[in-house]
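Chain by chain, the residues:
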Amino acid sequence: MIVRPETLLKDLSGLWTQLGKEETEGSERSAGVLRAVTMTFLLGVDEGDDSANEALAQLMHEHPSRAIVLKLAKDSSAEIDGRAFATCWMPFGRRQQICCEQIELSAGADHFTDTLSLLRGLMAPDLPVVFWCRSAKLFAHPAFQGLAAFADKVIIDSRSHPEPIKTVRFIDAELKAGRLYGDLTWTRLTRWRETVATLFERMDCKEFMESMNRAEVQYTHLPEPMAVGYLSAWLRSALGDHVAVQPIHVPEDVPWQIRELKFVTPQAEVSIDRAEKGIVESHVRDFTTRSVFEVLDEARLVREELSILGQDPIFARTVELASIP
Amino acid sequence: MTQAQDSANPFHDPLRFERRIPPCSVLIFGANGDLTMRKLLPALYRLAYERKLPAGFSIVGNSRTAMTHEQFREKMRVSVEKFIENSPFDASLWEDFARGIFYIAGDISDPACYATMKVQLDEIERDRGTGGNALFYLSTQPSFYASVVEHLGAAGLSRHEGGGWRRVVIEKPFGRDLASAQELNRRITAVFSERDIYRIDHYLGKETVQNVLAFRFGNTIFEPLWNRRYISHVQVTAAESIGVEGRGAYYQEAGALRDMIQNHLLQVMATVTMEAPSHFDSDTVRDERAKLLRSIRILKEDEVDLNAVKGQYGPARIGNEDVPGFRQEKDVKPDAQTDTFAAVTFFVDNWRWAGVPFYVRTGKRLPKRVTDIAIRFQPAPLSLFNSGATVPAPNLLILRIQPDEGISLRFQSKDPAGGGMMLRPVSMDFNYGSSFGTRTPSAYETLLLDALGGDSTLYTRQDMVEASWRAVEPILNHWNNTTYNFPNYDAGTWGPKAADEMLERRGHVWRVP
Ligand SMILES: NC(=O)c1ccc[n+]([C@@H]2O[C@H](COP(=O)([O-])OP(=O)(O)OC[C@H]3O[C@@H](n4cnc5c(N)ncnc54)[C@H](OP(=O)(O)O)[C@@H]3O)[C@@H](O)[C@H]2O)c1
Numbered sequence: 003m004i005v006r007p008e009t010l011l012k013d014l015s016g017l018w019t020q021l022g023k024e025e026t027e028g029s030e031r032s033a034g035v036l037r038a039v040t041m042t043f044l045l046g047v048d049e050g051d052d053s054a055n056e057a058l059a060q061l062m063h064e065h066p067s068r069a070i071v072l073k074l075a076k077d078s079s080a081e082i083d084g085r086a087f088a089t090c091w092m093p094f095g096r097r098q099q100i101c102c103e104q105i106e107l108s109a110g111a112d113h114f115t116d117t118l119s120l121l122r123g124l125m126a127p128d129l130p131v132v133f134w135c136r137s138a139k140l141f142a143h144p145a146f147q148g149l150a151a152f153a154d155k156v157i158i159d160s161r162s163h164p165e166p167i168k169t170v171r172f173i174d175a176e177l178k179a180g181r182l183y184g185d186l187t188w189t190r191l192t193r194w195r196e197t198v199a200t201l202f203e204r205m206d207c208k209e210f211m212e213s214m215n216r217a218e219v220q221y222t223h224l225p226e227p228m229a230v231g232y233l234s235a236w237l238r239s240a241l242g243d244h245v246a247v248q249p250i251h252v253p254e255d256v257p258w259q260i261r262e263l264k265f266v267t268p269q270a271e272v273s274i275d276r277a278e279k280g281i282v283e284s285h286v287r288d289f290t291t292r293s294v295f296e297v298l299d300e301a302r303l304v305r306e307e308l309s310i311l312g313q314d315p316i317f318a319r320t321v322e323l324a325s326i327p
Numbered sequence: 022m023t024q025a026q027d028s029a030n031p032f033h034d035p036l037r038f039e040r041r042i043p044p045c046s047v048l049i050f051g052a053n054g055d056l057t058m059r060k061l062l063p064a065l066y067r068l069a070y071e072r073k074l075p076a077g078f079s080i081v082g083n084s085r086t087a088m089t090h091e092q093f094r095e096k097m098r099v100s101v102e103k104f105i106e107n108s109p110f111d112a113s114l115w116e117d118f119a120r121g122i123f124y125i126a127g128d129i130s131d132p133a134c135y136a137t138m139k140v141q142l143d144e145i146e147r148d149r150g151t152g153g154n155a156l157f158y159l160s161t162q163p164s165f166y167a168s169v170v171e172h173l174g175a176a177g178l179s180r181h182e183g184g185g186w187r188r189v190v191i192e193k194p195f196g197r198d199l200a201s202a203q204e205l206n207r208r209i210t211a212v213f214s215e216r217d218i219y220r221i222d223h224y225l226g227k228e229t230v231q232n233v234l235a236f237r238f239g240n241t242i243f244e245p246l247w248n249r250r251y252i253s254h255v256q257v258t259a260a261e262s263i264g265v266e267g268r269g270a271y272y273q274e275a276g277a278l279r280d281m282i283q284n285h286l287l288q289v290m291a292t293v294t295m296e297a298p299s300h301f302d303s304d305t306v307r308d309e310r311a312k313l314l315r316s317i318r319i320l321k322e323d324e325v326d327l328n329a330v331k332g333q334y335g336p337a338r339i340g341n342e343d344v345p346g347f348r349q350e351k352d353v354k355p356d357a358q359t360d361t362f363a364a365v366t367f368f369v370d371n372w373r374w375a376g377v378p379f380y381v382r383t384g385k386r387l388p389k390r391v392t393d394i395a396i397r398f399q400p401a402p403l404s405l406f407n408s409g410a411t412v413p414a415p416n417l418l419i420l421r422i423q424p425d426e427g428i429s430l431r432f433q434s435k436d437p438a439g440g441g442m443m444l445r446p447v448s449m450d451f452n453y454g455s456s457f458g459t460r461t462p463s464a465y466e467t468l469l470l471d472a473l474g475g476d477s478t479l480y481t482r483q484d485m486v487e488a489s490w491r492a493v494e495p496i497l498n499h500w501n502n503t504t505y506n507f508p509n510y511d512a513g514t515w516g517p518k519a520a521d522e523m524l525e526r527r528g529h530v531w532r533v534p
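Protein chains in written order, with our numbering: chain P, 3 to 327; chain Y, 22 to 534.
Calculated from the structure, these hints are not laboratory results. A quick note: this is a predicted structure, and the numbers were derived from the prediction, not measured. All C-beta atoms, glycine included, are put in the ideal place defined by N, C-alpha and C. Among these hints, one or two may not hold up.
Below 27 Å or equal to it, Euclidean Cα-Cα: the simulated BS3-like pairs (lysine-lysine) are [stated by the list, open to error]:
#1 P:Lys168 x P:Lys139
#2 P:Lys279 x Y:Lys103
#3 Y:Lys518 x Y:Lys321
#4 P:Lys12 x Y:Lys103
#5 Y:Lys435 x Y:Lys103
From the derived model, a few chain Y residues whose C-beta atoms are all more than 10 Å from chain P [claimed, not checked]:
#6 Leu74
#7 Ala87
#8 Gly127
#9 Asn248
#10 Ser299
#11 Ser316
#12 Val377
One side only, chain P facing chain Y, incomplete, derived with CB under 10 Å [claimed, not checked]:
#13 Lys76
#14 Thr200
#15 Met211
#16 Ala240
#17 Thr290
#18 Ser293
Okay, chain P solo, but in the shape it has when bound (with noise of 0.2 Å):
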């Protein structure tokens, strides 16, 4: 079967009138529907990877979009595929139905550099477009580069990938040759370094950084994930080179990767653990704070991405520190 842009927008378009009509026909508490789209959302998947969808659905309901689900197919010769379809809800206490389209193409390994000249006819106009790379498979695949040109902004995981440092070498030279990157392996340590932050705001603690000369990443399991990576770079950047950053490898079975921060002077030390599931702990001499680390699902990390689309110095500065051997 052969799939062109504009038999795929038309189903789209098809169905909007069709919505519309619905609606009107419906209950008289309705008050249309809302067609909303804030950007083109490019998600790339393997075939199979059901999660992908439901955190697509959660993303949608914050950020109506034209969804283009590109599905990298198990069958690598299967050819290229594509329907368009809307999902629509009804937000609580409001009179007017919101959908979102959603188209999907699918193709097999061999096939997928077919998917690009597709593309440049089904993104949204004037709007901006944000390529999430789900799947492992699709960053190593040749169309990964072209798929990328399209987007103002890539969201990836270093950690789901076969060498993350690898990654986020990568990631480094794309961010030096000016395009703009996230890196949801990054994104989760946000509420590690807001802690910090809150930490260090503390008049007391303020003079203690100037006495520091140590700082220990605790982590639980081997190999050194990622993330000790990035964050072990961070601390570097904002302390300086007067403090030795160690991470350090305490083994214990814990479903989580990061155990402790400590921060550490001559005469004193602060840190900051996990105490139980979803509560860590910053002690300061015999002061305890705790703090909430809600479950954090794809779709809240993706979101915080959303939310920069320019620049992000102190990403891209850790990035270049964790890329050097």
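With the hints as your guide, set chain Y with the ligand onto chain P.
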């Protein structure tokens, strides 16, 4: 927060997390009251949940009722769990948050009470590392505001020797009229400097009111039309469907003009009409707001009846429910002259707005709860279509504040069914909540975070408060000196007939929101 403070913390990442608040305490007067339980504590807890509050953050509550720290914490836990909006409650976080909550029972007219507060704040500073920073939040009867501030001054609480900041937040209402607002300003500025006084107007903290600024000054296509040449008039509506809900005694003394127009709606109007500030910093934005409020034309005594309508609702049957009239509400006098509805025509005397009427109305027991601003553009100069049978509806831009926050633009489109060039108005909608579905912070979260971070952009200033009192004072005086034949509108309707007549005289009609 200043740049110096930002750069002092090398871990700050303004793109990813909000400004950090330095360690501090909040001392709440009226801590056993409705506002504390419904709004303040849930907002503070939510800020803690989002990791926006500093380690060591503490709350000291004061009211008359005898309670231990523990009893007060328990009472607050119950109300936070009950009133927190769109947010989970985490028991383990609460346990930690509650360790920073303290309570002092005492009468605020007693100096000894302030001595106890000083001891408590010093202890917190020592044990919890707050560096002496403290925010005093006056959530008690307005008649106490000035004396509480004076007591704070006399007890040495308004300044901190170690260099910590001391700020005061004042709830509405700020005065009952111009003279009392000036007197209140005089007394509190004798103790705190203007930069440390935060007069709250929770409308300014609403996400959608702030969005009006983004809409006006972040886009270039509307601003050229934003003046008397293109805009025929503006209607601001803030309607409530409920009655006084047990606050009859308070409302009887306040009334709609004082309770809504003098403060909230004039601030909303200023947001819609002010000139663009040169920077988005607190003083520049507030200078522009203040300038606009000062340009509002002051009505002369004999102009009041033509430009202001006072209303009060009477009993009615709404659906299958019989609702009482205002005078039948609990704690309300049977001959009360209170305005439960007020509509005013304002004019702004500057080059941009000269001659454009701003119709502002508010009331209780109206058909629905809605707040919006409708900007009606001039009609097309020549009616080319519809062969003059009906005048095409002029363009209408609606900024919806609540509920269903968003923006709609009404324009004309050819009706495909009619044959020929028949026009029909259609509406283009932008829905704030559905385009950015993330949770919007409550006004109190925004405002508390700003006050703790030292940002007063969304708070009103002495000159703004006085200018807005000046704008409503002739109406208040005239209404006080006149006896009205109340009730003059039925509960569940859009207010008295006189309000419609006020617009008709200028060839306009209220829209139905
Ligand atoms: N409620 C709202 O939705 C709302 C909205 C906007 C603005 N406001 C403003 O916020 C303020 C508080 O409102 P509210 O509704 O919370 O009032 P409220 O429920 O009447 O509470 C008043 C509080 O003040 C305390 N208090 C009264 N006299 C005192 C004294 N002599 N010494 C110490 N404490 C004393 C009371 O303590 P006890 O209970 O121990 O006697 C109580 O905690 C008012 O200025 C109101 O105008 C309220």
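Hints and how they fare:
1. P:Lys168 x P:Lys139: holds (15 Å)
2. P:Lys279 x Y:Lys103: holds (24 Å)
3. Y:Lys518 x Y:Lys321: Within the cut-off at roughly 23 Å; holds.
4. P:Lys12 x Y:Lys103: Distance ~49 Å between Lys12 (chain P) and Lys103 (chain Y) Cα, so the pair is violated.
5. Y:Lys435 x Y:Lys103: violated (51 Å)
6. Leu74: The claim breaks: Leu74 (chain Y) does not keep its Cβ more than 10 Å from every Cβ of chain P (closest is about 8 Å).
7. Ala87: holds (29 Å)
8. Gly127: With a cut-off of 10 Å, Gly127 (chain Y) remains clear of chain P, as the shortest Cβ separation is near 28 Å.
9. Asn248: holds (28 Å)
10. Ser299: holds (23 Å)
11. Ser316: holds (37 Å)
12. Val377: Fine: 30 Å to the nearest Cβ keeps Val377 (chain Y) off the interface.
13. Lys76: Violated: closest Cβ of chain Y sits about 33 Å from Lys76 (chain P), beyond 10 Å.
14. Thr200: Holds, because the Cβ-Cβ distance from Thr200 (chain P) to chain Y comes to roughly 6 Å (cut-off 10 Å).
15. Met211: holds (8 Å)
16. Ala240: holds (4 Å)
17. Thr290: holds (8 Å)
18. Ser293: holds (5 Å)
Consistency with the previously given hints fails for numbers 4, 5, 6, 13, ordered from lowest to highest.
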